[in-house]
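Dock chain E against the given chain D, drawing on the hints supplied.
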Amino acid sequence: MTAIKNGIQSVTGFFSTRPGKIAFYVVLALFTLLMPVYFQSVGNAFMVRIFALVGIYVLLALGLNIVVGYAGLLNLGYIAFYAVGAYAGMNLGFLMQELLMGLGFLGEKPENWSYWALLPFAAVPGAVAGIMIGGPVLRLRGDYLAIVTLGFGEIVRIAITNNIGGITNGASGLPAIGQRVAPVAGQEWARLNLSSGNFIFSKDLYWYYIIVALVLFAVLVITRLDNSRLGRAWVAMREDEVAAASVGVNILTTKLWAFALGAAWGGIAGHTYAYWVGFISPESFNFMESVLVVCMVVLGGMGSIPGTILGAVIITAAPEVIRAMAASPAFSGILTAEQASLVGDYRFLIFGGLMVVMMAIRPQGILPSKRRARELHPVDEKVLAQENQQLWEAEHKHNTDSDIL
Amino acid sequence: MLKVNDIHTFYGKIEALKGISIEVQEGEIVTLIGANGAGKSTTLKTISGQLAPLHGSIEFLGEAISGMPSHAVTAKHVIQVPEGRRIFPQMSVRENLDMGAFLRNDKEGIAEDLEKVLDLFPRLRERLAQKGGTLSGGEQQMLAIARGMMARPKLLMLDEPSMGLAPVIVDVIFETIKRLNEAGTTILLVEQNAAMALQVAHRGYVLETGSVVLQGGGTELLRNEQVRKTYLGEV
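Protein chains in written order, with my numbering: chain D, 607 to 1011; chain E, 8 to 242.
Pulled out of the complex, with its shape left as it was, chain E reads as follows:
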């Protein structure tokens, strides 16, 4: 579905990605794990069009999308849920969700999807009229994911969904990610919480300073000694 082939992305003169190649098949949850500065978020931002790669290609469903601006990538139903949630703080929850369907015109489909995401996150239903900025961190993350779902993503890319959240909420978020995937959404997940991410993911890539150093199935990586030592804190 998504083929990222040897992308190099720069911040000024700093080469943040030194040739990353990843692949996501339809129906999968694929995770990118790694330490701070490994290039996980940069990879996601390059795919979503926030950054442009200097070399390399990105293909989605056989179509080249590298170098496209964000909104054009969104139009291909490749949806990024940005790092730090980035909901619209002064818009109500309802307006935030409507913004998620910004590029869609099918009123009935939008209403249907609204019901779906509200069923998925009953907390948001209670707060439809409340403005986004007054939600708790966990609720904001739910809203960010729900807003992403409103665009009917073919590929949903989540950037650090567990960041700064209480462990109880993290469990809820990961449970939701799993359910979304079971309902048919393909997911690319960037996470620092490697243990959680590898538990839900079908496959994973381990990134270190801009390169993929290891890849494999989720459980396989969970058992990998190097991964356990470096990312799961085992001695």
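So that you can see chain D by itself, here it is in the shape it has in the complex:
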């Protein structure tokens, strides 16, 4: 036992030194950048798509982490922003294409710039939707907020299903017959110039790198945000709204910023997903998707960027990886294909169970932020006992003669 423990400690010890950290990041970067190339080269296009899908969910989880992890506002309708981003992106794309064709800019060989042209604005529809839901629920907290946001998510999904405004094409999804999502500019170039022999630089691979770039951008922006004045305001608000207001935090705008900035990433993810897959329908934006994204944030560690990413990777990739493993000869002895697909079918049950276990043994998540860990789970039992004693005393003191008026 002690040998194993020492082994683990020497491994974790290595990774907390500077060269260890660098080695870890290099390996991680190589894995992220090259694994899909490997899968593509062996003709496993499915795994490339899984990698890209994981990236989309990482973006979503990072966005939701702003609302849930930083500002402490539980949002169970987050997927609505993803939907808004996707539908806005596609519809604006169609408009743009018509406009360009009308002006004679799109010649015989159509090249669609609308993804790139709209990307800088992709955050806008999401953010606007974020403010629209954020505004009316500013006074709600905790469970009440969760219920209202859940309702909002369903409203958006049902509105889309009912072809609201005639722009969503209802349950049949977009693009409708006659509409077309042209391949994104540059994609053809990559396919022609980066392919060699049997290896084809596929559409999915192309999108995978776009998504990786977006995730890096998100991490950069959100890290800066976390260390900003707004980030501090969020922490203060999460800890005590009255005290935060008394030191001058504008609770109203601080909450709205959280909703808007969180939703913006949902919008960007939706926009990207729509152009990558080329088809969107209301099924992709159901309530369980919202729940999955919340699970990612909670599992990985609320308020922690590495944790959120890890959570998204685990929850998105786990069922697929298990399925893929069952298909490979090395594991066929242990796990049959049927058993593996059961894992996929029962994944919500498994994740639900996992959440319960997590709440019991590690409520702060797998890779928690330091501050959140302290809030949710003091590490040392002794410290815990001491803190509880002090908190009890403090509580008790001001409860003795609390004055309602």
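Please keep in mind that the hints were generated in silico from the structure rather than gathered at the bench.
Quick reminder that beta carbons are idealized off the backbone N, C-alpha and C, glycines included.
A hint or two may mislead.
Claimed, not checked - Some chain E residues judged to face chain D by a derived CB distance under 10 angstroms, without partners named:
#1 57
#2 59
#3 73
#4 78
#5 81
#6 94
#7 129
#8 132
#9 136
#10 158
#11 218
#12 221
#13 224
What the hints assert, rightly or not - Between beta-carbon pairs, the in silico distance windows are:
#14 827/D x 83/E: 32 to 38 angstroms
#15 767/D x 115/E: 35 to 41 angstroms
#16 611/D x 123/E: 27 to 33 angstroms
#17 835/D x 15/E: 32 to 38 angstroms
#18 136/E x 940/D: 37 to 43 angstroms
#19 963/D x 175/E: 25 to 31 angstroms
#20 835/D x 136/E: 20 to 26 angstroms
#21 226/E x 969/D: 54 to 60 angstroms
#22 123/E x 616/D: 33 to 39 angstroms
#23 83/E x 710/D: 46 to 52 angstroms
#24 829/D x 82/E: 25 to 31 angstroms
#25 64/E x 741/D: 25 to 31 angstroms
#26 625/D x 111/E: 39 to 45 angstroms
#27 83/E x 616/D: 55 to 61 angstroms
Stated by the list, open to error - Covered stretches of chain E, as calculated for chain D (at least 3 residues, CB under 8 angstroms):
#28 83-91
#29 106-112
Showing chain E alone in chain D's frame:
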């Protein structure tokens, strides 16, 4: 400096303040005393913007501030040290103090004020890295006042600073209030501990069920027979 004119504040249908008028001059310590439910804290919360008055006006340095949200009132350097201390429990003492200067941008001024409040409360200097929630009640009160001072208040409003504290600590807190005032901070103090409050205050208002029933100088009120009977426990 502060003029509160006939404010009426409601909790739902309950009229908690039935026309309160008070005034605070620059450099004063003014105290509001009264029993539970008299409306002391409500008055403070109405001034600080946590509650909005239905009628009446609040003026600070000639500017109407009634109905403004809390953060806007804070921006006018009218700082409330809330009831029950309300420090940020998971932030370190240092972070709590930094939060106090949230609306300020003058780095040098903030550093200067940090030194000042740490000189005022040496206990906090020893515990700069400790998180707020692990401090004792007295230390938390010191931190709450220090956090308020970090905003460079023109008017500091203290809501029940002695609540739940040991008598020794209460003495320290009141001593500090006096020193802050001598250094130039105007203070509006809400207290249940009427004797202590009237000893440090220049003037006081006695509140009963949402109205001012008596007002006068601190020592004057201390000698007032009605006050002695009702609030100082003399028979």
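Quiz item: Lying within 55 to 61 angstroms: is that true of the beta-carbon distance residue 83/E to residue 616/D?
Solution: 58 angstroms, holds
Quiz item: Does residue 94/E meet its interface restraint, that is, does its C-beta lie within less than 10 angstroms of any C-beta in chain D?
Solution: 7 angstroms, holds
Exercise. Kindly confirm whether 27 to 33 angstroms is satisfied by the beta carbon distance between residue 611/D and residue 123/E.
Key: 50 angstroms, violated
Exercise. Starting from the hint 35 to 41 angstroms, judge whether the C-beta atoms of residue 767/D and residue 115/E obey it.
Key: 59 angstroms, violated
Quiz prompt | When the least beta-carbon distance from residue 129/E to chain D is tested against 10 angstroms, hint result | solution = 20 angstroms, violated
Self-check item: Status of the residue 221/E interface restraint (C-beta, 10 angstroms, chain D)
Solution: 18 angstroms, violated
Quiz item: Hint check: is the beta carbon of residue 73/E less than 10 angstroms from a beta carbon of chain D?
Solution: 16 angstroms, violated
Quiz item: Does the Cβ pair residue 963/D, residue 175/E satisfy 25 to 31 angstroms?
Solution: 48 angstroms, violated
Quiz prompt | Whether chain D covers the segment 106-112 of chain E (at least 3 residues having a Cβ closer than 8 angstroms to its Cβ atoms) | solution = With 4 residues in contact (Cβ-Cβ under 8 angstroms with chain D), the coverage given for the segment 106-112 of chain E holds.
Practice problem: Take a look at whether the Cβ-Cβ distance between residue 827/D and residue 83/E falls inside 32 to 38 angstroms. | Solution: 33 angstroms, holds
Exercise. Using the Cβ atoms, figure out if residue 835/D sits within 32 to 38 angstroms of residue 15/E.
Key: 37 angstroms, holds
Quiz prompt | Hint check, residue 136/E versus chain D [nearest Cβ-Cβ separation less than 10 angstroms] | solution = 13 angstroms, violated
Figure legend: structure checked against the earlier numbered hints; hints not met, in rising order: 2, 3, 7, 8, 9, 11, 12, 13, 15, 16, 18, 19, 22 and 23.
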